[in-house]
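Hey, can you work out the whole structure from these sequences and the hints?
Per the numbering used here, the very first residue in the sequence shown carries number 20; after that it's consecutive.
Please note that a few of the clues may not be correct.
[Claimed, not checked] Distance ranges between label pairs, derived from CB positions: (1) C274 to P246: 53 to 59 Å; (2) N561 to M1015: 40 to 46 Å; (3) D495 to P246: 49 to 55 Å; (4) C274 to C637: 48 to 54 Å; (5) V273 to G1012: 47 to 53 Å.
[As the list claims (entries may be wrong)] When the alpha-carbon atoms are kept at most 27 Å apart in a straight line, the in silico DSS-like pairs for lysine-lysine are as follows: (6) K808 to K624; (7) K1013 to K628; (8) K781 to K995; (9) K973 to K670; (10) K822 to K635; (11) K712 to K727; (12) K1090 to K762; (13) K624 to K1137; (14) K1201 to K937; (15) K973 to K1004; (16) K476 to K1201; (17) K781 to K997.
Simulated from the structure, these hints should not be mistaken for laboratory data.
All C-beta atoms in this analysis are idealised placements derived from N, C-alpha and C, irrespective of residue type, glycine included.
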Amino acid sequence: MHHCENCNKQFTTRQSRLRHEKLYCQVVKKQENGGPAAKKQKICHSTASNNYMCVTCNQEIAPKLITAHERSRQHRNNCQSTPLEDGVFALSSAFKSRIASYRICDEGHYIDLNEFMDKIHNKLLRLIVSQIEKFSTIKINLELFGLYTIESKNIFDVKSFNTTNRIVTLGTNIRNMLHDFQEVISQKMMDFLERDSGWTLVKILHLELNVNYYNPLKASSYIPLPPSVKMKRAIVNVQNQDIHCFGWSVVAAVCLPMGPEHLPSSYPHWSTLFNFQGIEFPVKLDSIAKFESQNNVSINVYGLELLYVNNKVKFEIVGPLYFTNFKKPVHINLLLLSDNDGNQHYCTITNLPRLVSSQLSKHHHSKYFCDGCLQYFTTQALLDRHSSTDCGKLYARIPNNELITNRFGYNVPANVLEFQNYHHKMTIPFIVYADFECLLKPMSTVAPNPNQSFSIKTFLHQPYSCAYYIKCSYNDQLSKFQSFRGQSSVADFITALEIDLIEIYKKYLSIVQPMLPLTIQEEFDYLTATECHICQKPFQQNDIKVKDHCHLTGRYRSAAHSNCNLNFQIPNFIPIVFHNLTNYDSHLFIKELALEESEINILGKTKEKYITFSKKICVGEYLNSNNRIVKEHLHLRFIDSFQFLACSLEKLAAALDDAQCMEVKRYFPVDREFQLIRQKGVFPYSFIDDFSKLDLTELPQKIDFYDKLRDEHISEDDYQRANTVWYTFHCQTLGEYSDLYLKSDILLLADVFENFRNMCLKHYELDPAHYVTAPSLNWNAMLKFTHVKLELLTDIDMLHFFKKGIRGGVSTCVKRAAQANNKFLPNYDPSKPTLYILYLDATNLYGWAMSEVLPSGGFTWLTQNEINSLSIMDLTDTTPEGYVLEVDISYPHHLHNSHNDMPFLPENLIPPNGKCAKLIPNLCAKTNYIIHYRNLKQALQNGLELTKIYRVLKFNQSSWLQPYIDLNTKLRNQTKNKFEKDLFKLMNNSVYGKTMENVDNRVDIKLATHWKKNCHKYGAETWIAKPQFKNCSIFTENLVAIEMNKVQLLYTDTDSLILEIYTENVYNDIKQNIDRFDTSNYPENNIHDIPKTVSIIGKMKDEYAGVPIVLLYGTGAKAYCVQTVNDLIKKAKGVSKHVIDKSLTLLQYRAIATNPSSSSVFCVMNVFKSYLHNMYTELRNKIALSNFDDKRYILGNSIDTLAWRHYDIDRDRNLDSLIRELQKYVEPTD
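Spelled out as structure tokens, the structure:
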């Protein structure tokens, strides 16, 4: 431990102590000539409040926030008052300016890119040259920012266009490179205008230059091959001692060696055989295309990736990092090696099949290799088909069907998926719940135009208090609550948390308690046990049976397999749970967390949004068998409870019964206090904009509780409850009230998540604290409960085949307005046709789909003879063998009218005059359409015509998922508790999400906290040097994120329909077909006398339970309003519910749906948004309703629509053109 000599606080590392003494220690007085501001006097001046004034931004800054402020986007934008030269500004930097961003501006008004680039060319050139003189070799890219408008809609927006990173050295022709950059940006600007029609460039704003110091090659270019790769004898690794390894490797590929193959002297000099004019050494990947064109050769480049499999080092060939556009007679395969110091080296691959085959299969029979994705095929015909249709030009790591030894010592096929995470049955002994509170600092803004789209920052979120609650699962005496308030609260939070968790590890987690003596009954149970309590499999004759006991309490648990017992250990991480960590809390403390040298590992959605991240802290040292000191580490794993329970904490807490609020009860045992705290508190979030307000000695007025985010005041009842809390708990200041509010939030979060854990342990025997998202938890729960063994795909073409068949869920507005007329409405007109509007929703549609027969294994392609003999119409829905087909289908014209509302076989396509692909039901003929045989059979039964079958994939199928779906449905129907009902619904739906997960959308983000390699961990220098480097974002001087490259239908959504039905009484129709409906939501004695049924998945349910619908207006997908006799229901995609309720009216929906000339409706809303890990409140004005809907062809009355490719579309267009032409000859009347 490290101690502060001034205040005697303890710290886990020396860096933490130094940071505390420098920035936060209350004993050390911060004078103007000392403390953290001493080095900032060029931009800061002392103020009377001990804060410092940033003269650039005209803003007071707390001492501890000076560095963060200088890195903020606000300060970067304001720094233009102190340019490096006229029109050149430094925006941000990290690692002593090794990573930096600059902005180049000009006062002129430019709409021509060439003119703008000519004007700033010399400034840009001087800036790049200065960086090269400083660092010798750099990677740079450009990003141009322009202001665009859609004049017809009065919309303005800033668009940007960037280039890829290029390596620049002292020998680079910078003028040519800038010309290339300019062409790339120009092409992207033209592509944008073609893709997003209607935009016009108003003005080019500025250009940004991003610079990354690049250190790719050091003293020697040569890097030895790993022994396991070298022994394959498939690579020639020339031991050159210069930077020309690319030249030597291509020579080695075309020339036989005259001596030892690894010596350069065995080959002709590379300059005598190849034309390297204009190509710089070391050769970059993006220079290879030029080399190919100059030398009439083709080249592929692959990489080498280090993996840890069963704690053993393994190397795999990956890539291609570069793939030729056209394979020529002279084709060369190269391997690009990288070492831990950032060196890179090209080698010659002489036998690609031999090099790659062992990582795909242990069998050595003849294989036909695809050098695009490194997969093999059994015949040349299969390879040719794959190359022409399915190759993704990227190595896909897929399993094979060979036997491997799993963690329990059993030999199992590598391509069989079954439950193995039995250690997740163990309850994690310690878990932390935490939260932050922020003051909202107003930001100066200019009043925007309400008729334009805009996004402006209005408040900066600055943490002022935080707390954590350590919950012990086996001994509540070890549970602990700790809170912090003040400007150093974030640093104090991290320091104290690390100290507490290190103490927990040393006192409890690292010590194995001996097993307590067994009772007579326990001894008898052990001797008679016939199955392992961990894996629940029987003991076989050769199995070793052992006594399993809890290492924390010493209590005997039960009999277990020896291997199961060895794997059933306390994990070396402690979960730290925040509610909405990904979108909010992580931004408040991750920069502080990164100040120390420990590495932070992240699972990211983007460079700023992380699903989870973990930090490793040292908790001790020991001598290993070789007398070497080995450090012990504990991982702090930060997880987001919102990833499991996607609902506000207020709603989650409200769903709990009083008896379930055990943590709140423990701290507030008095019933009156308990009732006040067990519900979400009332707090004036927007009122707290300065630390001084926390010292107020009275509760603020009711008007001060106005919520600017939701644009609403609190109710009188809520304000009275706040007063009651203030006086009941004897709050002396608003700060104390805030502390109580924060404590209440954290204890409620603990109760919510602890109940969630308990229910999962009870019903699924898994602890959610082992996981990071609900889909991963529920997928494991399903595998465990069903005991299913699923065969994984081993054929890359089968994988692509299934992926092409995944399209999404349909959502479209078919008829844009409808008015009901029936006897259940007050304005019923008997003289008009009787008409009902019925909103039907499928009960648990996902659950129904997962209860059907699903593929389980036996995947194989049918031969042409088998395809010819296949009779689709004779197949039953539950046949043991299922099929997915690739077909051509025609859509006969005579079906267009009857199928117009909901055509079969939707497609992802770009509609006429559209901008991007959308899932659209249409009446087009289908070519190469991937379809399940049941969907094909349904389409053929309804008149569509099958014209060709290309290929068919056969598989075994069964209802293997149904038992798990039935379990959750049963549990949901049995419980009366709302929290549990929502949980069991989640457990079904999230499994569906996992089955449809698109792993291609995952991103590879590295969070670098240091420049150089540190203890075998890559720094920013190494990641930037890699060929996969894409771009980076600078958060602070020592924190950078680096991204690496990889009836008439009115309306329908995925699981619902809104129908317009002409019938005498639609509710009598439901009664006569009651077996097709779920009426569990109808009241017992309803006016329609419809019997109440139990909830059955897959059945259609009347969403409004017999309440008649008066009218509907639809403006597009997920944008409509429904008026019933009791209520008005409004939907608008992308707009907050409270904004819809306050801002959108029935008249606006009607105008958009029925008047083609009506203007778009804008809505103003406040949202939380992070920029470089700084949280802001952002005011947005966006289009909420628009009469533009390109999923259907809208007819002239603006109400009726046609599916695309309907034969009437051309007729309607021709008629419209004729009317416009005739109007030219009609004389206007007075």
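Okay, the hints, checked on the actual structure:
no.	hint	in the structure
1	C274 to P246: 53 to 59 Å	26 Å, violated
2	N561 to M1015: 40 to 46 Å	41 Å, holds
3	D495 to P246: 49 to 55 Å	54 Å, holds
4	C274 to C637: 48 to 54 Å	53 Å, holds
5	V273 to G1012: 47 to 53 Å	51 Å, holds
6	K808 to K624	30 Å, violated
7	K1013 to K628	20 Å, holds
8	K781 to K995	17 Å, holds
9	K973 to K670	46 Å, violated
10	K822 to K635	37 Å, violated
11	K712 to K727	18 Å, holds
12	K1090 to K762	53 Å, violated
13	K624 to K1137	25 Å, holds
14	K1201 to K937	21 Å, holds
15	K973 to K1004	32 Å, violated
16	K476 to K1201	15 Å, holds
17	K781 to K997	17 Å, holds
In terms of the numbered hints stated before, the structure departs from hints 1, 6, 9, 10, 12 and 15, listed from lowest to highest.
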